[in-house]
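Trainee: Starting from the structure of chain A, add chain B where the hints point.
Protein chains in written order, with numbering that gives the first Met the number 0: chain A, 0 to 366; chain B, 0 to 366.
Mixed in with the good hints, there may be bad ones.
No distinction is drawn between identical chains; accordingly, a pair holds when it is met within one copy or between any pair of copies.
[Claimed, not checked] When the alpha-carbon atoms are kept at most 27 Å apart in a straight line, the in silico DSS-like pairs for lysine-lysine are as follows:
1) K218 to K299
2) K126 to K30
3) K218 to K296
4) K126 to K7
5) K158 to K328
6) K21 to K299
Hints listed in this document are in silico derivations from the structure and should not be mistaken for laboratory results.
Letter by letter, the chains look like this.
2 protein chains.
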Amino acid sequence: MNFTFQSKTKTFMGSKCIFNNKNEFLKLGKKALIVTGKSSGLKSGALIDVKKILSDNGIVYEIFDSIENNPSIENINDGKTIVKIFSPNFIIGIGGGSPLDAAKAIAVLATNDIEPIDLFDNVFLNKPLPVVAIPTTAGTGSEVTQYVILTRHDLKNKKSFGNEFTFPVIAFLDYNYTKSLNSELTIFTAMDAFSHSVEGYLGNRSTVICDFIALEAMKIFGECLQSLQNAVFNDVIREKLLYMSYLAGLVIIHTGTTSVHSIGYSLTYFKNIQHGQANGILLPEYLKINYEYATEKINKILVATGICSLDNFSTIIGKLLPTNVSLSKEEIELYASIAVEQRSISVNPRPLNKEDIKLILSKSLND
Amino acid sequence: MNFTFQSKTKTFMGSKCIFNNKNEFLKLGKKALIVTGKSSGLKSGALIDVKKILSDNGIVYEIFDSIENNPSIENINDGKTIVKIFSPNFIIGIGGGSPLDAAKAIAVLATNDIEPIDLFDNVFLNKPLPVVAIPTTAGTGSEVTQYVILTRHDLKNKKSFGNEFTFPVIAFLDYNYTKSLNSELTIFTAMDAFSHSVEGYLGNRSTVICDFIALEAMKIFGECLQSLQNAVFNDVIREKLLYMSYLAGLVIIHTGTTSVHSIGYSLTYFKNIQHGQANGILLPEYLKINYEYATEKINKILVATGICSLDNFSTIIGKLLPTNVSLSKEEIELYASIAVEQRSISVNPRPLNKEDIKLILSKSLND
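Chain A extracted, bound-state conformation:
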């Protein structure tokens, strides 16, 4: 039994948790930069709540609400300019994974004289500004992980960085902020979280404590599966999905993700398939190709989720994540070439070569 475990982010879960714990903001200083997307902060209701708390407590703030989906280096650079001028004590990220990751990146740039491209060196002289994370989706786990995933147009891919200093210091998990999410995005983000738990559990960096947390996340995913299939989400299910995403986040802090994410990035970059949808689409074939190498664990996934077989899972995913995208031979060749170079491909139960990845892609999209 060997493991390292830590969950640095002080996490508050519950309806109205930002109001019930508003002192946490005050502890961080009197000047905050809010980092969010064009719509998620507003639509979710989180932005208005945060603004009220900051105003009521005499905390001065500015809002940078131009975070793109899958933010680019260039987008982060705009944030850098703002944070350098405004010079806040802390940063509040509100939104899905994109604004949360952007908040973390901007927090590093605020205290270090480096260019956004240098972030990927993952070495910073100075501690980043503290980040408060308020997710409005239930999927990325970014609210409790160290990871920052940015789009590199120069590489036509996503790249990540993150270390012990890039964890948000606080996360507020209030399912009310996920209620404005439409069914499609609710399903996509849930599939992202489920994929985190599955990849963390099956990857070679899995540990006894992460396995047990991952299985709990999968069990909760199983409890939500009928609602996901019916696309009907009450408060209980919304909260369960947020809790599942949090647990899966605790897992990938330590295990990272594996080939599903590595392969999925190209589907997002080139074909504009949403991140969680991409992962979900790839999951059944990923499980099938790994089955012989991780039979016992994959059987446990089926038991935890209540899914009766991998074929049944394929059927569920086909209905849950319909897509009309299909891939040409050249596209499959290109995406497999990109994926096979990713570090995270190697932390897979079965060693995957380029042909394996091509098979996963063609079976997932073209069959």
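Mentor: Below, chain B alone, put in the same frame as chain A:
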């Protein structure tokens, strides 16, 4: 679903984990004070390993090895004198709960001009020195909790303090260091950890995430129960017990303990019954008196541990923790008076009054 969760202590689990992660010491500075008991550091082998790592890495150290069992304010004051003179960058606690708690207390006194008695105010101007915790027992969970429990001779009781600054920054969990523990202490400390998981699970501060961790700890306790009854401990069981203790520690960070601990303190103070033994002796009657108020949860405890009934649990405890201590009417009266004043009595499933506590004491010790 409302909860707060955080596990601040970076925890390394595994055989030789201090050697495999020796850089962690270097990150903390070049001067360390080792705080340990008269024998636990030496007998466990942990002290010699730590000294080797420190020497090999040019870290200067001093050893304060006079920590008593259930350390008193006076004992902590001796540590204060040494830490002020030596002025280390960090503190390494090696041992059971007593040296680990002492290390945390001395870390606070190192950076704050206060007297040991002021520790219980739980407000410190300056951050304590970083503490590295290396447990040599599998029970207290102190290696990952904020709690410091000291003996107050003036109150004839134990008192605790602890806040977000008193968590060890690092914990090294190597079951090899628990192998020198005799059977009796192995059983006593295991009962302490089990009691943490049970009290955390049943107490009014329980949360969904702590419940699921507590149940896992109980499941592992159940897997070790036969070995505990046979008093035969191989490496696998030693490691499981250490892991169980860690998980139970994660629980009580957030839930605290309840009446078992509150009542048990008198048995330790006045009758010299070891802390874990005291908790274990009280557990069956604690569960029985709470059964009507927490039926479903107590049934889940029985399922998780594989114990078939509460009466069966009484029998197991009777054999596992034999004692010839019995209490006079006056003693029961006194201990109940002390316990009923404890804050943690109130976080119980069933509101306990003094008569209830007297009943628990007499049934546990005199029947």
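Trainee: For every hint, state whether the structure bears it out.
Mentor: Results of checking the hints against the structure:
Both within a single protomer and between protomers do K218 and K299 lie at most 27 Å apart by alpha-carbon distance, with minima of 10 Å and 18 Å respectively. In this assembly of identical chains, K126 and K30 lie within 27 Å of each other by CA distance both inside one copy and across copies; the values are 17 Å within and 23 Å between. In this assembly of identical chains, the alpha carbons of K218 and K296 lie at most 27 Å apart whether taken from the same copy (14 Å) or from different copies (19 Å). In the homo-oligomer, the alpha carbons of K126 and K7 lie at most 27 Å apart both inside one protomer (15 Å) and across protomers (17 Å), since each shortest distance falls under that limit.
In this homomeric assembly, K158 and K328 come within 27 Å of each other (Cα to Cα) only inside a single copy, at 25 Å, whereas the closest approach across copies is 71 Å. Within a single copy, K21 and K299 get their C-alpha atoms no closer than 41 Å, and across copies no closer than 36 Å, so neither meets the 27 Å cut-off.
The structure shown violates just one earlier hint, number 6.
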